[in-house]
Amino acid sequence: MSLSGKVAIVSGAAQGLGRAFAIRLAEEGCMVLGFDVKKEVLDVAGVTGMVADVSKRDDVERVVSKAAGMGEIAVLVNNAGTWKKTPVDSAWQQALDDWDFIMDTNLKGVMMLSRAVVPFLQRNGGHIINLSTYYVLPAKSDGTNQPDTDLYNASKWALNGFTDAWAKYLEKDNVKVNGMCMGATDTPMLRGLFPTKQLPAEMASVVMKAEDIAGQMMEIIASGRTGENFGAWVGEEITIGDQPPLHKRITG
Amino acid sequence: MVKLKGRNAIVTGAAVGLGCSYAKALAREGVNVAVCDLREEIHEVAEILRSLGVNAASYQGDVSDPAHVRAVVDGAQEEFGNIDILVNNAGVWGASVADDDLDKSIEDYEQIVGTNLKGEYLFGRAVIPIMIEQGKGGEIVNIATDHMVTCGTPYFCCPKLESCPWGDSPRPTGGGDAMDLYDAGKWGLNGLLYGWAKALAPHNIRVNAFCMGATDSHMLRGFHNFEPSDEEVASWMRAEDNAQAMIDMLQEGPSGRNAQNVNFCMGRPVQLEPAHDHVYVVPEQVRIGESS
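Heads up: the protein sequence lines correspond to chains F and W, in order.
Here the first sequence is numbered in the working numbering, starting from 4 and rising by one per residue.
Here the second sequence is numbered in the working numbering, starting from 4 and rising by one per residue.
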């Protein structure tokens with residue numbers, strides 16, 4: 004399926020991976036609607052930008068209405084995500100606030116945006132990409148599933164349920180649904196974890212580049228595969244590899 | 004084997020099905036149990052628990068409601084003095100698909116993810132500071148689903164029974180296409196499982212999950228419109244057998260398995276299998292008694 008002239012929606016497109024995905028899809032000939040809570044999304048070259056919050060229903064409906072007006076929607080990249088430390092012994096009110104902060108964007112937002120877009124994808128087929136993390140694939144290091152990010156971990160694991168069920172349900176409509184599970188990538192989110200907002204030198208030299216992950220996304224779309232989690236690890240070639248057996252497609 | 008007598012537990016969703024069986028099995032071991040459920044019958048369950056010779060407290064409410072969670076946990080602490088065991092069992096099932104409309108979907112999200120993931124999060128987060136403060140270790144068990152389990156991972160020690168319906172073709176991820184929110188909520192429990200197990204291992208608090216396949220329960224009978232065939236019922240696992248496996252796991256104590264999804268799959272004996280190798284965490288990080 005050629006994407007040329009089709010509409011692609013990218014959430015969280017102001018910076019980092021989302022920005023790279025939006026730019027790459029535009030280069031591939033898509034009309035890209037990128038949105039973000041950050042207004043820098045209005046300045047991404049070749050991309051129609053909107054300031055909108057994926058955790059807010061009205062914003063989601065506004066985004067999808069705008070995209071539908073641009074043409075035939077063929078790609079949805081559920082990229083917008085948030086991260087914070089959520090220590091297990093934090094105060095009760097903090098625990099409640101943290102649930103909303105993480106889940107409204109990373110899980111409920113993904114659901115709302117997808118629900119709103121799916122009827123358009125069902126018309127002529129298309130692609131949904133859910134941005135996850137290498138935490139949901141077999142651990143190659145001790146850096147996964149961190150002890151002080153229970154909600155972030157849970158929000159990304161939960162996407163497995165969406166990727167799996169949507170791939171099965173939307174097969175009849177030729178809509179492919181996959182997850183991308185990458186390790187450390189040079190993004191503002193990753194840089195933000197460090198006091199100086201810069202990556203330590205030993206990390207900067209090895210982290211993956213957002214543009215390369217965007218390349219992997221295009222490979223996934225071109226492959227026509229569905230219902231898989233695709234990993235990308237620091238220090239390894241970024242590729243989609245051979246199709247794993249059915250029982251390993253989600254679990255790795 | 005660790006003795007459970009005299010410990011104090013909370014079991015959520017305990018009016019019927021697995022939760023009720025867990026509560027009764029704990030009471031038979033001499034564990035005081037606080038139980039909660041949406042259903043009014045939860046108070047009758049507390050009467051049964053008392054008749055088994057333990058202290059019991061019952062609370063009617065919704066696990067997705069933070070005020071209810073606090074009432075249960077604070078009530079149990081006041082009643083029993085401390086809390087040693089949390090069985091995060093309450094769960095609901097509902098059909099939801101990728102092209103449901105937004106109104107239905109948001110309602111479904113609040114109910115299904117609200118109960119199956121947020122409810123377990125809230126109970127864990129209410130109990131964890133208490134368990135840490137007590138300094139006596141503890142046990143948290145989340146009840147998940149076999150939809151998250153395949154023959155490949157994380158279950159490695161399958162006895163490969165002749166009766167296994169999957170035979171030589173490994174079982175793929177379950178759940179089908181019409182449970183996206185149910186499956187999302189249950190998959191999300193992995194994030195709590197591994198995060199909590201790592202954070203709590205230095206406090207001698209174990210965190211494990213039971214991934215339940217088809218078990219004769221109120222939920223499963225409801226799935227079959229409360230008219231399952233005798234054949235279907237005969238193929239299901241029995242909640243009482245699973246409750247014994249729960250007791251067996253709790254009796255392992257701090258030296259037992261940690262951060263594990265324990266799989267209970269239809270067509271296999273309902274018993275606690277040996278711990279399996281870790282897949283999604285590095286074992287040293289979840290070893291009880293070592294700092295993470």
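Heads up, a few of these hints could be off.
Chain W regions said to be covered by chain F (calculated; three or more residues, Cβ under 8 angstroms) [as the list claims (entries may be wrong)]:
| id | segment |
| --- | --- |
| 1 | 53 to 60 |
| 2 | 121 to 135 |
| 3 | 195 to 204 |
| 4 | 212 to 220 |
Source of the hints: derived by calculation from the structure; they are not laboratory data.
Ideal Cβ placement from N, Cα and C applies to all residues, glycine included.
Looking at the structure, which of the earlier hints fail to hold? The structure conflicts with hints 1, 4, although it agrees with all the remaining ones.
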